[in-house]
Amino acid sequence: MSSAASVFEVTKQYVMDGETVHALRGVTLEIPDGDYVAVMGPSGSGKSTLLNLLGCLDRPTSGRLVLGDEELSDAGDDRLAEIRASRIGFVFQSYNLIPQLTVLENIEVPLYYQGRIDRPRRQRSLEMAELVGLGDRLKHRPAQLSGGQQQRVAIARSLVNDPYFILADEPTGNLDSVTTEEILQLIGDLNEQGKTIIVVTHEPEVGQRAKRIIRLRDGSICSDSRNEYSHPSPESRPLSPRP
Amino acid sequence: MPFLWFRTWHLGVKSLLLHPLRSLLTVLGIFIGVASVVWLLAIGEGISRKAQQQIEELGATNIIIRSIKPPEESIENVGSSHSIVPYGVTRADFERLAATIPTIDRALPIREVRYRFGYLGRNIEGRLVGCTPEYADVNKLEVDRGRFLTDTDDREKWNHCALASEVAERLFPYEDPIGKAVRIERAFYLVVGVMKERTPSAGIGGSLAAQEFNDDVYIPIHTLWSRIGDIIVTRRTGSFEGEMIELSQVTLRVDKTENVLRTAALVKETLKPHHRKQDYAVVVPLELLEQARTTRLMFIVFMGLIAAISLVVGGIGIMNIMLATVTERTREIGIRRALGAKRGDIIRQFLVETIALSVMGGLTGILGGLTCRPLIAALRNLLLRAAPDVFDQLPQVIKEVTPLIVPWSVPLAFSISVTIGVIFGLYPAIRAAMMDPIEALRHE
Chain V
0 MSSAASVFEV TKQYVMDGET VHALRGVTLE IPDGDYVAVM GPSGSGKSTL
50 LNLLGCLDRP TSGRLVLGDE ELSDAGDDRL AEIRASRIGF VFQSYNLIPQ
100 LTVLENIEVP LYYQGRIDRP RRQRSLEMAE LVGLGDRLKH RPAQLSGGQQ
150 QRVAIARSLV NDPYFILADE PTGNLDSVTT EEILQLIGDL NEQGKTIIVV
200 THEPEVGQRA KRIIRLRDGS ICSDSRNEYS HPSPESRPLS PRP
Chain Y
0 MPFLWFRTWH LGVKSLLLHP LRSLLTVLGI FIGVASVVWL LAIGEGISRK
50 AQQQIEELGA TNIIIRSIKP PEESIENVGS SHSIVPYGVT RADFERLAAT
100 IPTIDRALPI REVRYRFGYL GRNIEGRLVG CTPEYADVNK LEVDRGRFLT
150 DTDDREKWNH CALASEVAER LFPYEDPIGK AVRIERAFYL VVGVMKERTP
200 SAGIGGSLAA QEFNDDVYIP IHTLWSRIGD IIVTRRTGSF EGEMIELSQV
250 TLRVDKTENV LRTAALVKET LKPHHRKQDY AVVVPLELLE QARTTRLMFI
300 VFMGLIAAIS LVVGGIGIMN IMLATVTERT REIGIRRALG AKRGDIIRQF
350 LVETIALSVM GGLTGILGGL TCRPLIAALR NLLLRAAPDV FDQLPQVIKE
400 VTPLIVPWSV PLAFSISVTI GVIFGLYPAI RAAMMDPIEA LRHE
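Residue numbers (numbering that gives the first Met the number 0), protein chains in the order written: chain V, 0 to 242; chain Y, 0 to 443.
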C-alpha cells in the first residue's frame, strides 16, 4: 500500500517573543492510503503544528515531508498552494465557509484555484453536495444553515478535489453530541469508501473512532497504536444521500 | 491569464456589491476627481481660448499705437483752467512710421471723438470715427446696406458717413437712412451705408479699451481733420476743457508675422524722440498672443494640479476602504489561502476590486465632466433669474465663459483614475497576500 503522507525526522521551531519554541522535535510518521488516524495530545503538544505541516500551510525547519510521491520540504509558496488546491481536503473546527458564497460556490472554491470550473467539475461539486446530504440547499448561504449542515458543506468542499487525505482539525469541536455523531458517522463512512482521514482532536470519543491513534507530547510522538475498537458504529450503512 | 482576470472580476464585483454604500462613496471620490479634471481643463481652455480669440481678432500681424492721456502732473500749463493740451500720436508720427519702416505694409490712421448726432428732432450720443476705407476690413465690419467709405470720400474730403447698426436704428426708426443727412456739430453728412451689428470687442490689458462699435458713425479721416479739427472742447462744471489730439490710434500692419516683434521695437524707437511724455501706448497683439499662450499653459498646469490633488484624495479614499476591507476579510483570505489560493490570486482579487471602483468612478466622472457645458449654462441661468444683482457683479469672465472639453482630457482622466486604482490598491492587496494563512485562519 502506497502512503498518502510521510514525514521523516521533522522538526519545527519558531521564535515567539524572543524565545525559540520547539513545536516539533523530530517526528517520523507514515500514513498509508486508506488509513484513519487520530492525532491526539494536550494543547502545546505540537499537534496543530503537525497539522499545518501536513496541510502544506507551513514548512518544516528540518526533516522531510512527502505527500503522495512528491517531496515538499523545500517547495515554494506557490507550489504549496497548488498542492493545497489539488491534493488536500481541509475540515476546520469553525467550518470556515466564506459567508458571501452559496453552498455550491463554497464547495467549488478549491476547484476555482485549480483553474476553470468546467462541466465535469461542476458535476463533481453537485455529487459531493448530494453525498453529504445537502443537494437541496445549493443556493443557501452558510448563515442559513445549522452548524452540522455547515460542517457537511466543509466536508463536501474537502472532498471535491479528490485529495490524498482529509485533514480535519477538531471537526466536531463546535457541534452538539447528536450532530457530532452524525459528522463522525460521515467521516467514518468516507474512510470505509477508501478515503484517508487525519483527525486532530483532544476529545477521546472522536479519537476512538479512528483506526490508529497517535499521541503527541512536547513535540514528539509518545505513542502510536492501532485502535482495536475503531468505528464502533451500530449500523454500518452504505453511504447514501440523506433523506 | 486573461481568463483568470475575468473570473476574478466577477468575484470582485460581487464582493463590492456586498457593501453598496461603501463602494458608492469610494466611487464618488474618484468621480469627483475625474470630473474635476475634465471640468477644470474645459473651463481653463474656454477662458484662454476666448482671450486668444480676442487677441487674434486684433490681428497677429498688427501693431496698434494708441494715444493715451498722460498723467495730470506731467502736463504743463497747469495754471490756466481752460488750457488746451496737445498729446497723443501726431500726423507727423504717422507719416514718419509709414515712410521709414519698410516692413510696414499698411498704416491706418484713426481719430475717435465722442459726439452728438442728430436727425430731425432726434439726438443721440456716440463715437465719431474718422478713418480710412480699410477700417471696415481691419475691424471685421460688414456692410448691411449701401457701402462703407471709399478712398474718393477721403481724398475729396466729402461729407459722407456710414452708420453703425444701433445709430441707424435710433436715428432712423421708420425710414431708410441711406441718402439722408445726419447732423454732426454744425455740418451735415450724407449717409452712404449702414453696417451690420458687430459683437463688441473686449479690452485687452490697460492700454486697449473695449470697443462697442454699435454706436459708431464713420466719416473719412480727412473730412474730420478739416471739418472738426484736432481741438475738442468739452464743457465741465464751470470750466471748459480742451483736448488736442491729432490721431487716436494708428494701426500698422506688418508684412510677415516673423517681422512683427522687430518692427514693434523699431516703432517704439521711432516714436520715442518725438514724445517727451508717455502719451501713447504700443500694443502688439502677437506679444499678447504669446503671453496668452504661456498663460494658457500655466492655467492648464495649475488646473491639472488641482485636479490631480482631488484624484489623489480619491485614491486615498480607495486605499482606506481597501485596507479596512482587507482587515475585515482576513479570515476569508486565510480560508482561500488554505484552499489553494496563491499569493497572486489574492493580490488579483483585491486589485480587481480597486480597479472596478476606480473604473466606475472614471466612467461616471467622464460622463459628469461632459455635462460641464450645459450645467454651467444652467447654473448661470439660474443665478440670473434668482439673483440678477449678484449676477451683475460677477466678473465678465465668469459671465461669459464657455467651457471647451479638451479631447485629450477624457482618456487622460480615465487612465489616471485606473492608474490611481492600481497604485492605491496595490498596497492593501499585497498586504492581504502577505498574510500568514495560519494566522489569518485564526483571526476572529
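It should be emphasised that the hints constitute simulated quantities derived from the structure, not laboratory data.
A portion of the hints provided could be inaccurate.
Claimed, not checked - Where chain V lies over chain Y, by a calculated footprint (3+ residues, C-beta under 8 Å):
| id | segment |
| --- | --- |
| 1 | 103 to 114 |
| 2 | 183 to 189 |
| 3 | 333 to 344 |
As the list claims (entries may be wrong) - Some residues of chain V that are not near chain Y, with every Cβ distance over 12 Å (derived):
| id | residue |
| --- | --- |
| 4 | 12 |
| 5 | 27 |
| 6 | 57 |
| 7 | 65 |
| 8 | 67 |
| 9 | 76 |
| 10 | 77 |
| 11 | 93 |
| 12 | 105 |
| 13 | 118 |
| 14 | 136 |
| 15 | 168 |
| 16 | 179 |
| 17 | 184 |
| 18 | 223 |
| 19 | 224 |
Claimed, not checked - Some, not all, of what chain Y presents toward chain V, calculated at C-beta under 10 Å:
| id | residue |
| --- | --- |
| 20 | 137 |
| 21 | 139 |
| 22 | 276 |
Yeah, the Cβ is synthetic: ideal placement off N, Cα and C, and Gly gets one too.
_Residues of the segment 183 to 189 of chain Y with Cβ under 8 Å from chain V, three needed, outcome_ = violated (count 0)
*Please confirm whether residue 77 of chain V is truly not at the interface, meaning its C-beta sits more than 12 Å away from all C-beta atoms of chain Y.*
For residue 77 of chain V, whose nearest Cβ neighbour in chain Y is about 5 Å away, the distance does not exceed 12 Å, so it is violated.
_Non-interface label on residue 223 of chain V, tested against every C-beta of chain Y at 12 Å_ = holds, 25 Å
*12 Å cut-off, C-beta based - residue 57 of chain V kept clear of every residue in chain Y*: violated, 6 Å
_Claimed clearance of chain Y by residue 65 of chain V, with the beta carbon kept past 12 Å_ = For residue 65 of chain V, whose nearest Cβ neighbour in chain Y is about 19 Å away, the distance exceeds 12 Å, so it holds.
*Against chain V, run the beta carbon of residue 137 of chain Y and see if the smallest gap drops under 10 Å.*
violated, 73 Å
*Agreement of hint residue 139 of chain Y with chain V interface, Cβ distance less than 10 Å*: violated, 68 Å
*For residue 118 of chain V, which was marked as not at the interface, is the minimum beta-carbon distance to chain Y over 12 Å?*
Consistent with the label, residue 118 of chain V stays out of reach of chain Y, its closest Cβ about 16 Å off (over 12 Å).
*Just checking, residue 168 of chain V versus chain Y, shortest CB gap more than 12 Å?*
violated, 9 Å
*Non-interface claim for residue 224 of chain V versus chain Y (Cβ beyond 12 Å)*: Non-interface label on residue 224 of chain V holds, nearest chain Y Cβ at 29 Å vs cutoff 12 Å.
*Checking the smallest CB distance to chain Y, is residue 12 of chain V really beyond 12 Å?*
Residue 12 of chain V is indeed farther than 12 Å from all Cβ atoms of chain Y, at 15 Å.
*asked:* Over 12 Å from every CB of chain Y: does residue 93 of chain V meet that, or does the non-interface label fail?
replied: The claim is violated: residue 93 of chain V sits with its nearest Cβ about 9 Å from chain Y, within 12 Å.
When held up to the earlier numbered hints, the structure conflicts with 1, 2, 6, 9, 10, 11, 12, 15, 20, 21 and 22 and fits the remainder.
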